[in-house]
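S.K.: Please put together the full structure from these sequences, using the hints given.
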Amino acid sequence: MALFRDIFEFFCVLLQVSILWPWEIIKSFLPKNRKDISNDIMFITGAGSGIGRLMAIKFANCGATIIATDLNGATAQETADIIKSSGGKAYSFQLDVTDRKKVYSIAEKIRETIGEVTMLVNNAGIVTGHNFMECPDDLIAKTIEVNTTAHFWTLKAFLGSMIKNNRGHVISIASIAGYGASPQLIDYCASKFGAVGLQEALGLELQGYAKGIKTSTVCPWFIKTGMFEGAKSR
0 MALFRDIFEF FCVLLQVSIL WPWEIIKSFL PKNRKDISND IMFITGAGSG
50 IGRLMAIKFA NCGATIIATD LNGATAQETA DIIKSSGGKA YSFQLDVTDR
100 KKVYSIAEKI RETIGEVTML VNNAGIVTGH NFMECPDDLI AKTIEVNTTA
150 HFWTLKAFLG SMIKNNRGHV ISIASIAGYG ASPQLIDYCA SKFGAVGLQE
200 ALGLELQGYA KGIKTSTVCP WFIKTGMFEG AKSR
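Counted from 1, the sequence shown has number 152 at position 153 by numbering that gives the first Met the number 0; the numbering is strictly sequential.
Please keep in mind that the hints were generated in silico from the structure rather than gathered at the bench.
Because the structure is a prediction, the values reported are computed rather than measured.
Idealized CB from N, CA, C, for every residue including glycine.
Do not rely on the hints blindly, as some may be mistaken.
[Claimed, not checked] Derived DSS-like pairs: lysine-lysine, alpha-carbon spacing no greater than 30 Å straight-line:
hint	residue 1	residue 2
1	Lys101	Lys26
2	Lys100	Lys210
3	Lys213	Lys34
[Stated by the list, open to error] Simulated restraints, written as ranges between beta carbons of each label pair:
hint	residue 1	residue 2	range
4	Glu133	Glu8	52 to 62 Å
5	Leu13	Ser84	54 to 64 Å
6	Asp80	Pro219	22 to 32 Å
7	Pro182	Trp22	19 to 29 Å
8	Leu19	Lys88	39 to 49 Å
M.R.: Written as structure tokens, this is what we have:
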């Protein structure tokens, strides 16, 4: 009897696959509904330049209220000014994402004066580009703090209200280096592996008690921004 049951289950699975597989192929060619972010407040780290600034401008054009933060407060303000000059809504803050108390303080100020953040973009990052034994200890520590540990602080600062409302989106701008190793980037790779692991584990956990919160992990190749100016892929 067990043999017949196993055979029956096998053919049931085979039938499901034969039906679902063509449908999934068809769906891949159908246009997808765009996410409406016109009522969202988006907190972006590292928004003073590069990918962070471009994302801030793009999301503002889609109607989101942007909170641009950067270690360089002047460039964060420039991003906000660019958005406002095009009719968008934006605020800026100088922020060292490794300063946990400052992250929490700014989060509280935002709640009181702007509203609840519904979209968090952990984008701030640094790279040193040294051979492992030549990389100073303080730069290794700083790379881990900015690229990985800081994500814990921003998540702690904003995730609570998202869970309470069962609504939100957490986006991590990681790197292809978070999936594949590279020489002269050992500390950077380790930090990005950590960021990817954190984001994936968070997504799984949230599925258990806050399904309304989405998570996205973006892993770009090496892009010619200030961080990787002059870098080559081979």
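S.K.: For every hint, state whether the structure bears it out.
M.R.: Cross-check of the supplied hints:
no., hint, verdict
1, Lys101 - Lys26, "violated (45 Å)"
2, Lys100 - Lys210, "holds (29 Å)"
3, Lys213 - Lys34, "holds (11 Å)"
4, Glu133 - Glu8: 52 to 62 Å, "holds (58 Å)"
5, Leu13 - Ser84: 54 to 64 Å, "holds (59 Å)"
6, Asp80 - Pro219: 22 to 32 Å, "holds (26 Å)"
7, Pro182 - Trp22: 19 to 29 Å, "violated (44 Å)"
8, Leu19 - Lys88: 39 to 49 Å, "holds (43 Å)"
Checked against the numbered hints given earlier, this structure breaks hints 1 and 7; the rest are met.
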